[in-house]
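Asks: Each chain is listed here by its residues.
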Amino acid sequence: MKREIPILLVGISGFIMFLQYFVPTDWSEELFKYSQDWVIVIGILAMPLGIWSLIRANVAKLKVPDERFYSAVLLAGFLAMVLTGLSRQSLEMGSIHMDLFTYLLIPIQATIFSLLAFFIASAAYRAFRARSVLATILLVTAFLVMLRFIPLGPFSTGNLSAVAWILSVPNMAANRAIMMGIGLGATATAIKIILGIERTYMGHD
Amino acid sequence: MTTYQLIGNGIAAFLTLCIFSFLYKDNPFYKFAERLVAGVATGYFTMLLFWTNFQDKVWQPIVHNGQYEYIIPAFLGVIMWTRFSKKWSWVSRYSIAFYIGIGSGVSITVYLYTYLFKQLQATIGVPISLGFAGVNTLVIVVAVLSALFYFFFSMPHTGVIGVLSRFGIYIIMIGFGAGFGLTVMGRVALLVQRVIFLKNYVIALVGG
Amino acid sequence: MTFLEKMMQIDRRWIYLAIGLAVIIPTIKSFNVPVTVSPEVRKIYDFVSKLKPGEYVFVCVDYDPTSMAELNPMTIAIVNQAFAGDLKVIFVTLSQFGPGMVEQITSELAEKHHKTRGQDYVFLGYRPYPAITIMALGVDFRVPFPLDYYGTPLDSLPMMSGIKNFSDVKGVIEITSGNTADFWLIYGNGRYGFPLALGITGVMSSNYYQYLQSGQLFGIIPGVKGAAEYERLVGFPGEGMEQMAYQVIAHSVIILFIILSNVAYFATGRKKSGLGGGAR
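The listed protein sequences derive, respectively, from chains A, B and C.
As numbered in our numbering, residues 709 to 913 make up the first sequence, in order.
As numbered in our numbering, residues 299 to 506 make up the second sequence, in order.
As numbered in our numbering, residues 12 to 291 make up the third sequence, in order.
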């Protein structure tokens with residue numbers, strides 16, 4: 709019963725919400741409203757799970773000599789934000805809490821992702837070679853798209869038109885086919901979940 | 299910049315350089331900055347969640363507004379925490395069942411509408427003609443069908459199906475090439491923004 | 012080992028150095044880069060500029076500092092245009108660091124355009140589970156957000172009087188670097204049918220042209236180039252246009268790398284590579 713009743717709940721709630729879409733009555737709209745509202749509340753209370761996991765793991769790492777310093781840094785950062793965020797007004801610009809957000813969080817997060825520019829340049833040099841017909845097609849298309857940035861006089865006008873055509877015709881067609889496949893797969897997964905065929909979300913006993 | 303902003307941006311510039319140092323090799327400065335951001339981000343999200351989500355959607359309705367029906371989803375949210383217990387983790391399945399069921403039920407219709415019906419309509423809805431737009435439409439129809447055939451593995455890719463699926467993979471490669479070209483722009487933009495920040499900070503520091 | 016063979020196996024840190032130097036050049040001597048506006052960007056500009064003063068637009072700021080380089084310029088340009096046109100703007104975020112982004116932008120631009128919170132713009136705040144939040148917003152903004160980000164009941168905000176859900180706004184502009192774009196398409200436009208436009212990063216932009224063609228989107232601002240185009244249209248030059256000189260140099264260097272590596276590859280007669288051959 710530890711798995712069967714939840715699976716039954718999934719099936720019943722899923723089927724009801726599927727049918728709700730086709731029932732244009734007031735009580736159907738109320739049902740929809742309450743279901744969304746309640747899921748938001750569940751989500752809000754479930755979110756701290758991840759936070760607790762991270763804190764618990766790093767408190768445990770304080771006992772490990774090699775990890776102690778870095779875990780302490782993480783916990784110090786966490787505590788600094790908690791202690792400076794003890795009022796709702798601390799979420800507004802001008803507070804110490806938001807200054808820590810601006811001067812610590814923004815630069816580090818932004819810079820971590822800026823490293824990708826170096827990695828993509830390195831990948832372009834080391835792996836982007838016309839080894840085959842398919843690789844050549846990919847390379848030529850990428851070339852044309854990248855050339856948009858280089859002002860090359862009359863060639864630029866033609867290049868911009870070509871790239872606009874590439875993006876709105878073949879690129880669009882490729883992505884449409886991929887998205888249609890994804891949409892069908894996602895729909896099939898949702899149906900399988902409601903019918904109880906897909907149960908991986910339950911975890912293991 | 300005020301002195302406070304100069305100090306704050308100075309710390310930001312130092313942390314930026316700590317992250318950039320990873321390009322040479324992994325080092326304690328990089329690890330320090332990486333762990334610091336994880337802690338700061340978690341702390342920020344914790345307080346945001348508490349003040350704007352928990353307060354507004356749980357505490358205020360139940361305690362101040364007398365909307366006791368919210369006790370039910372609040373209870374379902376709290377029992378999610380039993381996931382941490384090996385003995386009681388099965389209890390959390392009831393919460394999971396509720397939102398997975400609702401989420402799956404509402405998705406079916408909108409997934410089909412967004413990903414399938416509207417896309418099919420757009421593919422075959424424009425009339426094919428001899429003009430530029432009409433020829434483009436023909437190219438789109440053939441390209442979409444070919445790309446779909448490439449992913450259809452229930453029959454062997456030989457004969458006409460083979461030709462179509464070959465054309466399909468060529469179309470897909472054009473899509474990936476376009477994606478790569480745009481990705482380069484995106485990644486470079488991230489780096490440029492940090493360089494502009496460092497430039498502006500140096501100017502502010504030196505210029506006063 | 013020949014020079015070309017050495018080039019094939021160069022330490023990647025030399026490549027990093029070359030890119031680093033490439034983006035430093037414009038800091039010493041910058042230059043203007045002509046920006047041509049693409050139709051998909053112009054459509055969003057035209058949509059916003061045709062709105063009358065007092066009409067409502069919904070702006071969803073769903074990104075965090077990792078992608079602010081591309082998305083902040085376009086957000087600032089759109090909000091500048093909206094505030095200059097005396098539109099009422101409702102902000103929301105479904106990204107956990109989005110509130111910080113919105114706070115930075117609104118605090119600066121509201122002061123610049125003399126706009127008052129609650130009367131000219133509202134920031135609803137952040138909620139997790141984007142799909143559910145979008146569907147709840149479509150019923151009534153007060154369902155997921157009974158209070159705004161600052162703790163003020165929505166019903167007590169002058170601007171929100173008579174405004175219930177998406178049918179009361181002229182359109183939604185979603186600015187994102189993640190899968191919230193798909194959620195707005197599926198659960199927003201798919202369920203409620205409101206006009207939707209996207210401001211997205213370069214990485215994602217090639218994946219959304221099919222929705223433009225099908226009419227599910229009325230416009231796309233693709234990455235920092237799109238942001239520069241929008242800034243040019245709006246007449247408020249910002250970081251988007253400032254980035255273009257750097258983009259020219261960096262792209263030139265990367266294109267050069269690709270040409271060099273392919274020349275070396277073919278000149279050394281390499282038919283197979285340790286990095287994968289691919290189908291013929």
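Because the hints were derived from the structure by calculation, they are not lab data.
Hints may contain errors.
Computed list of lysine-lysine pairs in DSS-like fashion (alpha-carbon distance at most 25 angstroms, straight line) [unchecked claim]: (1) A:K710 with B:K329; (2) C:K126 with C:K17; (3) A:K741 with C:K63; (4) C:K63 with C:K17; (5) C:K175 with B:K323; (6) C:K181 with C:K54; (7) C:K181 with C:K17; (8) C:K126 with C:K63; (9) A:K710 with B:K497; (10) B:K497 with A:K769; (11) C:K181 with C:K61; (12) B:K497 with C:K126; (13) C:K175 with A:K741; (14) B:K329 with A:K769; (15) B:K497 with A:K771; (16) C:K175 with C:K61; (17) C:K126 with C:K175; (18) C:K17 with C:K123; (19) C:K17 with C:K61; (20) C:K40 with C:K126; (21) B:K497 with B:K323; (22) A:K900 with A:K771.
Keep in mind it's a predicted model, so treat the numbers as computed, not measured.
Asks: Could you tell me which of the hints above the structure violates, numbers in ascending order?
Replies: Hints 1, 2, 3, 4, 5, 7, 9, 10, 12, 15, 18, 19, 20 and 22 are the ones this structure does not satisfy, whereas the remaining hints hold.
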